[in-house]
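Undergrad: Using the sequences and the accompanying hints, generate a full structural model.
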Amino acid sequence: MPEDLVKILGKILGDDRILSDEISLATFSFDASNVRQMPDAVVRPTSEEEVGEVLQAATEHEFFVTPRGAATSLVGGPIPVEGGVVLDLTGLDEVFELDEEEGTVEAGPGLRVKELEEKLGGDFFLPIGLAGGGSATIGGLAATDAASSLSVSYGTMRNFVVGLRAVTPAGRWIDLRGYQAGGPRFLMDSILGSEGTLAVITRVTIRLARRPQVVTHSLDLLDSLDALALLSELAERGARPAAMDVFHRDVLEVAEGEQEAGARALITFTGTSECIESNSKILREVLEEFKPLSHDVLDGQLPDRNEPIIRAIKQAKQAAIFVSAALPRSTLRDIIPEIDRTASRYRVSTLTVSSVPLGWVTVGFLFDPLDDKLLGRAVSASQSAAELFAGNGGVLGFGTGIGRTMAHAFAKHRPEAAAAFALLKKVFDPAWILNPGKIVPTRGG
Amino acid sequence: MSSEEKEPLFSEDLTRGLQFCLRCGECNLHCPVHRTLQFNEAYSPRGWVNLASMLALRDIPVFIDKIEHMYISVLCGRCDPPCPYDVRPSELILRTRKELIDLGYVPPLEVAALPRKIRTNLPLFEPAAQEGAWSPPEEGGSSILYLGRWVLNSPEAAVAASELAMRWLSVPSLADSRPSCGEVLRLAGYFDEAREELESLSEILRERGVERIVTACPEAASRLSEAGLTAKTLHESLSDANVVDEKMASKKFSRGVLLVPDCWHEGANEAMFQILSEANVPVVYSKICASCGYLVTYNARPDVIERLGREIASQAEGEGLTYVAFVHPAAYSAVKAALRGAKVRPKILDAFQLLLQVARKA
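From first to last, the protein sequence lines stand for chains C and H. Residues in the first sequence are numbered consecutively from 0, following numbering that gives the first Met the number 0. Residues in the second sequence are numbered consecutively from 0, following numbering that gives the first Met the number 0.
FYI, nobody ran anything at the bench for these hints, they're computed from the structure. All residues carry an ideal CB built from backbone N, CA and C; glycine is no exception. Take these hints with a grain of salt, some might be off.
What the hints assert, rightly or not - Beta-carbon label-pair distances, calculated as ranges:
#1 C:Asp122 - H:Glu210: 54 to 60 Å
#2 C:Ser272 - H:Ser224: 38 to 44 Å
#3 H:Leu102 - C:Ala418: 49 to 55 Å
#4 H:Asp101 - C:His294: 52 to 58 Å
#5 C:Glu117 - H:Thr321: 23 to 29 Å
#6 H:Ala341 - C:Pro429: 49 to 55 Å
#7 H:Ser224 - C:Gln212: 44 to 50 Å
#8 C:Ser272 - H:Asn279: 42 to 48 Å
#9 H:Phe62 - C:Ala418: 46 to 52 Å
#10 H:Val283 - C:Val94: 21 to 27 Å
#11 C:Pro336 - H:Leu102: 45 to 51 Å
#12 C:Glu100 - H:Lys246: 43 to 49 Å
#13 C:Arg340 - H:Asp101: 28 to 34 Å
What the hints assert, rightly or not - Taking lysine to aspartate or glutamate and the DMTMM-like style, the derived pairs with C-alpha atoms no more than 25 Å apart in a straight line are:
#14 H:Lys65 - C:Asp15
#15 C:Lys6 - C:Glu81
#16 C:Lys316 - C:Asp333
#17 C:Lys372 - H:Glu225
#18 H:Lys65 - C:Glu21
#19 C:Lys372 - H:Glu6
#20 C:Lys425 - C:Asp188
#21 H:Lys5 - C:Glu101
Said to hold, decoys possible - Partner residues are not named here, just some residues of chain H that face chain C (Cβ under 10 Å, in silico):
#22 Leu21
#23 Gly24
#24 Arg207
TA: This is the structure in structure tokens:
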């Protein structure tokens, strides 16, 4: 870290957009995970060119740069774990093009989802990050390839990105805008989901989805295995849920106290009225066999994967460390009890939700923020769960990014993928200055 | 030394509350200060809570810059409802101010001066400019218009409020600014002094046999009601009194008014909206609300209020409105002072000055 960092940055940006006072450094040291680290400086560019110049300076003078959007990450993605400069991209929120008929927007990465949807009126929506009120930035969602319950039918964030412009640490620009479907998708896909480790996205074109008709069925079942079997049965009979989340016993007990139900399934159908009705009919037939403890039909309601989790956290009055992965569906039956055993081993409580069709499991390990011993056990349990997922063929960080919290498990259990990442890193960021400590914990993996 | 080996700076309750914020950032979207200061995380509910949390755990030392920083929030409370975890960031910020004071860390100079007796010397109250005196000194009656501490900053709004109350509600009595209802003290973090002030005020009003209190300040109505007195805002009292000359109002404010609502008093906002709408004045609500939290913030960081004021003025201009009217007179006085000398096109008034301009003859 050069001592005259602020001086170097001062040649690129005005003094008011370089923050090095203790208050600023403190307030840019966190996200929604438990990872914390203060940067040495924060820069707040307002143009793409400034972003490129900051990266070039970082490569030349060898200081680390950690890109940051709204810092809603659950996995420490925007935390400058090695120090250096935080690149605050929230100032790049300009909308360059807006097609209200097609639902397409070209904008800076700092634009928030809520503002994006407001600009396009009520007909369109981004089926990603549904749980929040829209504070995440589109750049953050693209960089982490974020997901939601509806990713079963809509795919992850990369499915909505139809163009992007990015800059590498060497100051090389990658412009992949203006292609129709069938363009160089593979080039775009190498940047999307790379968590700001290869290049910084400075402009992104997104095509939103049209808001569908929707019906969500809420079912209380005896246990998680019933929920898994239910999905298989639905698939066998030709029903196609747009989303199916299962909240496991731990969530229900923490949020609502002990009860007969061992799992709650939210099954969502979207499409035309006929389509929804035919799927719902199949569901009702299947339920005759499964006999749920309760069944509510929520007309017009999109699934909210986070609501029961939030309710449980409020009830427990604790914080949580999250681990997320997409697993082969066949492993879910064994993984869910294994999570319980991990929790018992470390004497922590868990909150488990799975999106069954995706095999996407997210586990929160609860801890009291003022109890360091419990925090330590929760961290160990989360590492153990990450290793469990990786060891069972899971894609770590699905929906959230690997970030910092799952980097060790990723490097340990996916050495060949970590090596491939190092190869890409060598091309994009040979000086290894961009978002260090993420995806893999160290330069050597 | 790691934080687990240190005794938290704040009470366990506050420290726990600060840690319970999961830093999801939903609150930031709703903060007018955060938006006005270009989404800088340092000026956001999440940023303030995180800073307070780091102070609590002694991860960073307390120093004047951090104390002053805690006073940049205008405490409008817009961050509270969106919080998925019911953390109530504005309350955490307020409690942090209080505990810093309890620990002996003084807030910014002007804020620290608030509990001291301040000379009024306002023409409105001459010749009774003596501190703590009431004007008229001995006149009582069952009704009283209570103005509040904000009149120190805005005698023109006080004159208008007094005139309206006297003309339309036959409420002739005026109260001095001290003792106050204590709200500004509370927002500054002086909880105990605030309580004492409110008790003193309630005692005086009870002693005088006041049965009905009309307040020019919406916060005062709430505080006095909490103290068991019968208080109503002047805004709401006027809304029933048919005060506006419709013809004059629709002519004078033909291009419309941007109404800046009080963050905490829907009743006062609705009353003003109704009065103006019934007089056929086009009214648009400002995107930024403003309450007496502005006074504390204004004292600590006038540039923040200046920027908020400019944003309000810019909205008015963008919508082709020539007047901006603040429901809360304290917010008006803070913004007016912060914008002094600045070129701002729309005319900025408080609700009472606006109404007085178009009031019918009683």
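Undergrad: Compare the structure with each hint and give your call.
TA: For each hint, the structure was consulted:
1. C:Asp122 - H:Glu210: 54 to 60 Å: holds (56 Å)
2. C:Ser272 - H:Ser224: 38 to 44 Å: With Cβ atoms ~51 Å apart, the hint is violated.
3. H:Leu102 - C:Ala418: 49 to 55 Å: holds (53 Å)
4. H:Asp101 - C:His294: 52 to 58 Å: Once the Cβ atoms are compared, 54 Å apart, the range 52 to 58 Å for C:His294 and H:Asp101 holds.
5. C:Glu117 - H:Thr321: 23 to 29 Å: Cβ of C:Glu117 to Cβ of H:Thr321: about 27 Å, so the range 23 to 29 Å holds.
6. H:Ala341 - C:Pro429: 49 to 55 Å: For C:Pro429 against H:Ala341, whose Cβ atoms are near 50 Å apart, the range 49 to 55 Å holds.
7. H:Ser224 - C:Gln212: 44 to 50 Å: holds (47 Å)
8. C:Ser272 - H:Asn279: 42 to 48 Å: Check passed, 45 Å falls within 42 to 48 Å.
9. H:Phe62 - C:Ala418: 46 to 52 Å: holds (47 Å)
10. H:Val283 - C:Val94: 21 to 27 Å: holds (23 Å)
11. C:Pro336 - H:Leu102: 45 to 51 Å: Distance hint for C:Pro336, H:Leu102 holds at roughly 50 Å.
12. C:Glu100 - H:Lys246: 43 to 49 Å: holds (46 Å)
13. C:Arg340 - H:Asp101: 28 to 34 Å: violated (47 Å)
14. H:Lys65 - C:Asp15: Holds, because 19 Å separates the two Cα atoms, which is no more than 25 Å.
15. C:Lys6 - C:Glu81: Judged against 25 Å, a Cα distance of about 20 Å means the pair holds.
16. C:Lys316 - C:Asp333: violated (30 Å)
17. C:Lys372 - H:Glu225: violated (43 Å)
18. H:Lys65 - C:Glu21: Between H:Lys65 and C:Glu21 the Cα gap is close to 9 Å, so the pair holds against 25 Å.
19. C:Lys372 - H:Glu6: Since the Cα atoms of C:Lys372 and H:Glu6 sit roughly 16 Å apart, the hinted pair holds (cutoff 25 Å).
20. C:Lys425 - C:Asp188: It holds: about 17 Å lies between the C-alpha atoms, which stays within 25 Å.
21. H:Lys5 - C:Glu101: Roughly 57 Å separates the two Cα atoms, so the pair is violated.
22. Leu21: For H:Leu21, the interface hint holds, since the closest Cβ of chain C sits about 6 Å away, which is under 10 Å.
23. Gly24: OK, holds: H:Gly24 within 10 Å of chain C, min 5 Å.
24. Arg207: violated (47 Å)
In summary, the numbered hints that this structure violates are 2, 13, 16, 17, 21 and 24.
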